[in-house]
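Peer 1: Residues per chain are reported as follows:
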Amino acid sequence: MTSSQKTESFFWAKTYVHLAAGLVISSIFLLLVMIFIFAGPALFDQGHRSIFTWQWNPYQGQFGILPMLMGSMILSVSALLLALPLAISLCSLLLTAPRRLSARLIHMVIRFMTAIPTVVYAFAGVLLLTPLVRFSFGGSGLSWLTATFVLVLLILPTMVLVLNSGLKPKLDDLCPQGLAMGLDRLDLLWFFVFPHTKKTFLAAGLLGFGRAVGDTLIPLMLAGNAPQVPMDLGQSLRTLSAHMALVTANEVGGAAYSSLFMAGALLLGISALVSLISRALVTS
Amino acid sequence: TTLKDFQGQKGTVNIAGGTAHIPVMKAAARSIMSAEPDIRITVTGGGSGVGVQQVGEGLVDIGNTGRALKESEIEKYGLQSFPFAIDGVAVAIHPANPVSGLTQEQLIKIFTGEITRWQDLGGPDAPITLYVREDGSGTRETFEERGLNKAVPSTNSNVSNSNGAMKTMIAQDKNAIGYVGIGHLDSSIKALPVDGMQPTQENAQNGSYIITRLLYMNTKGEPQGLVRLFIDYIYSKDGQGFIAAAGYIPKSKD
Amino acid sequence: MDKVSVYFFGHQVLQEITAAFQRHNISVLIGRSGSGKTTLLRTINRLNEEFAGCVTRGQIFLNTGQEHLAVYPQDDRKNTGIPQPAPLKLTSLRQRVGMLFQTPNIFPVSVYKNIALPLTLVSQAAKTEIQERVYQALQLVGLWAEVRDGLHKPAQRLSGGQQQRLCLARALALRPDILLLDEPTASLDVHASRYIEDLLTTLAEQYTIVMVSHSLTQARRVGHTIMICSQGRITHHLDRDEQLSTAELEVLV
Amino acid sequence: MDKVSVYFFGHQVLQEITAAFQRHNISVLIGRSGSGKTTLLRTINRLNEEFAGCVTRGQIFLNTGQEHLAVYPQDDRKNTGIPQPAPLKLTSLRQRVGMLFQTPNIFPVSVYKNIALPLTLVSQAAKTEIQERVYQALQLVGLWAEVRDGLHKPAQRLSGGQQQRLCLARALALRPDILLLDEPTASLDVHASRYIEDLLTTLAEQYTIVMVSHSLTQARRVGHTIMICSQGRITHHLDRDEQLSTAELEVLV
Amino acid sequence: MKRPLIFHVFRSSMGLSAALVLGCVGTLFFFLLLKGLPTWGTELFFGDTAPMDAIMGKAPVWEGIWPAFMGTLCLMTVTMGLVLLPGIGCGIFLAEYATPLWKKRVNTAIDLLAGAPSIVMGLFGFTLILFLRRAFFPEANTCLFLAAGCLSLLVTPVLVVNTREALEAVPSSIKLAATSLGLSKNQIIFCLAVPMAVRGIVSGSILAMGRCAEDTAVIMLTGAVANAGLPSSLWAKFEALPFTIYYTMAHYQSQEELNLAFGAALLLLFLATAMVALAKLLEVGHKLFWQGERPSVLQ
Ligand SMILES: Nc1ncnc2c1ncn2[C@@H]1O[C@H](COP(=O)(O)OP(=O)(O)OP(=O)(O)O)[C@@H](O)[C@H]1O
Ligand SMILES: Nc1ncnc2c1ncn2[C@@H]1O[C@H](COP(=O)(O)OP(=O)(O)OP(=O)(O)O)[C@@H](O)[C@H]1O
Ligand SMILES: [Mg+2]
Ligand SMILES: [Mg+2]
Ligand SMILES: O=P([O-])([O-])[O-]
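Protein chains in written order, with the numbering used here: chain A, 1 to 284; chain B, 1 to 254; chain C, 1 to 253; chain D, 1 to 253; chain E, 1 to 299.
I should point out that these hints are in silico values taken from the structure, not numbers from a laboratory. Cβ coordinates follow ideal geometry from the N, Cα and C atoms, glycine included. Check each hint, because a few of them may be wrong.
[Unchecked claim] Residues on chain B that point at chain E, a partial pick, calculated with CB under 8 Å: (1) 22; (2) 37; (3) 40; (4) 42; (5) 161.
[To be verified] Listed next, with one range per pair, are the computed distances between beta-carbon atoms: (6) D:50 - E:104: 42 to 50 Å; (7) C:129 - A:172: 31 to 39 Å; (8) C:231 - D:230: 38 to 46 Å.
Construct all of the structure, not just a fragment, from the sequences and the given hints.
Peer 2: Right, here's the structure in full:
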């Protein structure tokens, strides 16, 4: 093989890499453009003004998706509020007892949890959790509460892993010296690591929120899907994602159909915002 | 039409839509595909709305609806309807619930959220949980049109997206009230007479039970080839057997 | 120190080392890389246990002047009937044994807090007393003049040499009995090393110091005793009066 | 080397250094940390350019005996009309100038491939010739006896000293004209350093060697010329016959 | 020992939350195992069709999850076929060729894509097909290929990020050493860096496959149906395990049908777990091989 031949083969390799990048970028671009083009009519068409209202009742010509937006927000926020402290204390356990069997077991379980498909969570939730919630709180069992619980399980492993990878290097840095002074790992974590890793917490939180807001099957199968703003944890709610799964059942082009795209665009907007903020946080 | 007519045929028929139709469609597909392995028939649900939308857009060959097509839908897509069975929509509650009948007025008040407790209806001291079907469902449209006289149900109701899901939820929830196609009734739920009308297929057929609807297959334009054969097969003797087995009353082709 | 062996993942790193470090003396460990010097230091404050796959055998006793204490809990299986001193609690052991690492390892807080925070956590001292002890420690290591204006600035802004001294001050503020120093001058230039060496010579009057060094000349300058490690054993043990020239030491190593 | 200045992010690290390194000589650079020794070495094979924010001014010429070559492309703006030698292509420059880093920097492949892989990629040599050259290089650095049985085992299993010599062998296999060594013995113990020092003295007969050292005694032992760097300048330039004692050097540094 | 009360509360909450999570996941797992395992058998997979006939595709399977299983496998294969080359290529581009500006742009785009909910991706596929039908190909329909295409968009970030990280983990000192030997940039990338990163890339691909296997929302809108038999072509509708679970849950009429969902859920769980375990194993092997480290298999 001569030198020029070698350069030639690398030329192709290099071209391939650039083509691949181009392909990926253009498909992302296409995706964004298409969603927003189809959401456009919903935004600008006078006839579809009612999309940003609080009533969803297609038979009455009411196509408000604000209850779904609310539903998405309160469901993800409540899941997050529950998951974050759990994630922090689980992660602390992993970090402070790194060689204890229990910690290893938990680490393994967390890994395993990342592999559980959301549809399996939802399936088991319907069969296990709904009767329990119905029994203790009354109602249908399909509610804000039920969906929140299962969502917590869904987003927990990601959050723990993000926290772990963010906090571990910092703790490891402090460990030998800190331990040599007679402090234990939790002291180090609490007094020296936590005060300096607000960004890691925020990043983990945002990531969890993003996953919670985007998930479809769990709210669809567990939240009851009533297009209302729930007044208590036992009531049913509908998220944007579940709304999208339910409303594909409409003729193409109608107001309900464009509300579908509006919901898609909103979801995409929320998740874009979340990922941009967390990116800005991580890089700054 | 019999299975013989499918001999030597090959190709695909895609079917989607109303969930009440699924048992019939599956049974027909199964019998055809077992006889002729070269034919593929795919069946899925989604609800009547999906049926209209997908057949209209040409994504499936047959779109099922549990309600008559709207004028606008026929116009927009040029659809053709083939009603093949009669089904009633029955109000259903948990079998342990002692309530044994409702008036239509009560029914409307329940679903619009005016009556919220079972004791107002002579039942136990418990709140009522409402279950409805998703928008676009034929069952829902029939029920609201005939059963509720077009009253708008409360937004507070849980939404299930198939007849099966509805049945499961009611069977599990002591305080539930909802509605399913009569074909889906079994011992796990209790059907309630409305204004004294007993929800049975016979009454639906003879008109003494008024919350009824037809089950339709819809095609875009005149059906051709394999699709035509399939529709004819549903109307055939075999097809009528499947319809009856699913709990509906077969309706002959007019 | 009595027949101390350390294993990492079954590989024996220290081979039944028996040695005594004199009180108020500087003992310098020298030896080739990987001979187990750092590991030996870490047996004294049981820091090896924080690493995966480590097993320690043997016993170490501390003589603080008033007390006679065992570092490792008694091994019940080998109970010989001879009364052994009560073992120390892990955290209080580590408070009595200060350790300085090869690379300065400051906490990402202010200069003041670097010393004060561990002090608050491990001692019952009142706030004013803590402040007192922080200032004392800083003066002792000669850092006071340099940081007095920046006491509440992040400690990361200090230079390498200053950080190393800050770590020393932090260890001293806890009033340990023993100081373990692992190559305290390895990352410093000639002038900074000299300063630390002089400091150590002063400190030796109050503390028992065990240090690791790679520099033979340094070992000769500061060590009261020089111990030469090789493959997990202490092969030679030289007191100040029998010390050899650098070249002779080199041969031994 | 002619008025070479290097800037990192606008900060001038080398200040118009002008120097000559004699052929077949060992020139040793000493100086305090951060004085720019490593940077100076890297100007010779233009490796500074691989770092972000680096700007280099000035020109370096190589005299290989047969040719007179410019390291940096001619600066058009300052074209003085004086004919300058043609600049070298970047990759072939680097093939002519071998560099050894402070820490051994082996590829995570087998011992054999560590040397053979770069050789295949940069030369047109046939397979047998490559094998030949790998063996030669290993023999030259005295590694042959130690690795002959493990030629195809991962190179990470070698000890630090062996890895350092493997890197040297890898550089030598490419037959460079100049060898740049950045503290080649910093991470090695006394014996391994000695071996490398002897090796360098032998190699000096064929190669032009520029090395950085932190050890003044080492500089005195192997250097034909000693240059003292301080704050981006070469402040002193001592030939072997005018060399000073270690203590005097220490003062200068 | 002065520590605020909240510190002590936190200390005791750690064990509690661990117990809670372990309890939940344990219950879920054993519930599925308990209900799912007894259903396993030829009956579950093939219904009343003869297994051999079903496997050979001679006879359609009705009450079994075999077609759904095959559908999921096909979906994974096609998706990986579509996404592997562009995804890995884009990862290499990001790690090695992109200028800082492009790096920032592309990373942002990848982040956006990673955040996009899968239902939105499904909607995209659905709209795309409607658009194609109207504008170019009247015959286009939702199908295996479309679902695979949308899924590949969904998993692209996983692949790109893993490739990028595997390459960035190649120590810069090694690249510098290679540079000093006179190797060109392309030579360093393709002869040194990529081979070093290959296991990281492979484990990223396996994780991506796991995501393909589990996603429901995308395929729901792009061609998965309840009854289709074995996947017949790229352009036909298909069955898939996650959709089967969802669909059965919504439509089951009898305990037998629900058992189908249990069996499918368990199978899917095993499949996804196997993917993660495999990726972890490769990662460990990778570290052992290249860095000589000894990471804990459990972590
Ligand atoms: N945490 C650990 N896990 C596994 N092996 C270890 C660990 N720490 C040390 N070792 C092994 O123990 C041996 C002695 O290591 P140690 O750090 O005590 O050497 P040292 O004398 O301090 O060397 P140096 O002069 O390079 O610091 C080495 O072979 C090392 O590989
Ligand atoms: N890649 C870089 N980017 C920015 N600044 C650099 C870079 N490399 C070196 N410098 C700066 O250039 C100066 C000289 O560094 P250099 O590495 O040449 O020092 P040195 O003499 O080799 O020191 P040492 O003995 O510690 O190796 C230092 O102040 C350093 O901060
Ligand atoms: Mg050491
Ligand atoms: Mg340097
Ligand atoms: O039959 P439906 O699913 O449309 O009610």
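Peer 1: Of the numbered hints stated earlier in the document, which are not met by this structure?
Peer 2: Of the numbered hints, just 6 does not hold.
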